[in-house]
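S.K.: Sequence:
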Amino acid sequence: MTDSNTVNNITAAKVDVNNERVWPPKLPELEDVKIRARIFTHKSVIKDKDYLSSKDKAESHNERLEFLGDSILNYTMTTIIYEKFPHMNEGHMSILRMKLINNDIIREWAILYNFHKLLKINMDQTTSSTMETNKYKFLSDVFEAYLGGLYEENNKKNLPLIKKWLKKLSAPMIQQYKNEIRQKVEQSINTSTSQLTITQPTNYYNNNNGNMMSNSQLGGGSDYENGNSNSKRLLYSLIGYANLGLHYHPVTKADPNGSLAEVECRISDGSVLGRGYGKNLKIAGRRAAEAVLNNKELIEKYARLRASKPKEVTVVKANDCKKVFKKAKNDTNSNGESKSSSIKVDPNTGNMYLAKK
1120 MTDSNTVNNI TAAKVDVNNE RVWPPKLPEL EDVKIRARIF THKSVIKDKD
1170 YLSSKDKAES HNERLEFLGD SILNYTMTTI IYEKFPHMNE GHMSILRMKL
1220 INNDIIREWA ILYNFHKLLK INMDQTTSST METNKYKFLS DVFEAYLGGL
1270 YEENNKKNLP LIKKWLKKLS APMIQQYKNE IRQKVEQSIN TSTSQLTITQ
1320 PTNYYNNNNG NMMSNSQLGG GSDYENGNSN SKRLLYSLIG YANLGLHYHP
1370 VTKADPNGSL AEVECRISDG SVLGRGYGKN LKIAGRRAAE AVLNNKELIE
1420 KYARLRASKP KEVTVVKAND CKKVFKKAKN DTNSNGESKS SSIKVDPNTG
1470 NMYLAKK
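Just so you know, we're using the numbering used here here: the sequence shown kicks off at 1120 and counts up by one.
It should be emphasised that the hints constitute simulated quantities derived from the structure, not laboratory data.
Be aware that one or more of the hints could be misleading.
Claimed, not checked - If you anchor each label on the Cβ, the simulated ranges turn out as follows:
{"no.": "1", "residue 1": "1298", "residue 2": "1375", "range": "48 to 56 Å"}
{"no.": "2", "residue 1": "1376", "residue 2": "1210", "range": "52 to 60 Å"}
{"no.": "3", "residue 1": "1142", "residue 2": "1202", "range": "45 to 53 Å"}
{"no.": "4", "residue 1": "1388", "residue 2": "1153", "range": "56 to 64 Å"}
As the list claims (entries may be wrong) - Subject to a maximum C-alpha distance of 20 Å in a straight line, what follows is the list of computed SDA-like cross-link-like pairs (lysine to any residue):
{"no.": "5", "residue 1": "1176", "residue 2": "1238"}
{"no.": "6", "residue 1": "1176", "residue 2": "1155"}
{"no.": "7", "residue 1": "1398", "residue 2": "1371"}
{"no.": "8", "residue 1": "1203", "residue 2": "1291"}
{"no.": "9", "residue 1": "1153", "residue 2": "1187"}
{"no.": "10", "residue 1": "1166", "residue 2": "1256"}
The structure presented is a predicted model; accordingly, all values stated were derived computationally and were not measured.
From the three backbone atoms N, C-alpha and C, an ideal C-beta is built for every residue, glycine too.
Construct the complete structure from the given sequences, taking the supplied hints into account.
M.R.: Below, the structure written as structure tokens:
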């Protein structure tokens, strides 16, 4: 159930700096007066008119139009959400759609356009009891009837108008939902990263190309000399899932002349999320994870992406995991590199991944 104060805040009319109304958007107009009359006629008005045939009764009130409009509203909101959030999974899309077509919201939309003043209804005792039970659902019904009326008048012309109108009308609710998701992601990140204390190094080091490295490349942590041992685990807990293919690619090894080892934190499409340097590949890999953890914008991006994926995409099946582990274990050298296949094993964590050679 949507909180009434939240509904009122969202559905309050909005104006720009020139005091001109920018929301709600203009109501699509109906030209057919007969359809308009049906939209704003509740069935209670003709309930006692026994001289009317069943056909005439059905065409004298808004129930059939409401039935049609309910489907139009559901379909249109579904397409708006589907197009607005290309990476959102089915579960989250369903939750958002339920928020948008909630009776409390639709009722407030009806009031915004003064539908409650146009509706003809017989306020007898039975109707009053029904309205009390359904909490004035008849106002959301008339909104859906208006959609049905627009469709019946000229579906080819009016369907695009309906979508454009509802897209603007639902914009505050969609923005609120996006804000709620962003807050949850930020809270999750802040809670998790509080476990990792990153300290700034006192000196910069030259990497193998002679370039100066940033603090985030050098990393830090509770043990700066060896990197933070929890950095990879923490990074995976924030953004990792099976299809992301988060892995650590060794670029160069350290040598006796003082050149540092370099490791890149990559994902399955080859994108590099962060780089790390250290006296060996193990430390460089930890610092590559720390470099990503220091990039809050990047963490938020991939955390939202993971949240949008269905559960079956984010979980590795146990049998598949065993097969990959067995194949990788039998085909790796001492550095955890595959000798003849693209399967890799991280020597520090034992994580398995696929990567191009």
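S.K.: None of the hints should be skipped; say for each whether it holds.
M.R.: Outcome of the hint check:
| no. | hint | in the structure |
| --- | --- | --- |
| 1 | 1298 to 1375: 48 to 56 Å | holds (54 Å) |
| 2 | 1376 to 1210: 52 to 60 Å | holds (54 Å) |
| 3 | 1142 to 1202: 45 to 53 Å | violated (20 Å) |
| 4 | 1388 to 1153: 56 to 64 Å | holds (57 Å) |
| 5 | 1176 to 1238 | holds (17 Å) |
| 6 | 1176 to 1155 | holds (16 Å) |
| 7 | 1398 to 1371 | holds (11 Å) |
| 8 | 1203 to 1291 | holds (13 Å) |
| 9 | 1153 to 1187 | holds (17 Å) |
| 10 | 1166 to 1256 | holds (18 Å) |
The structure does not agree with numbered hint 3 stated previously, though it agrees with all others.
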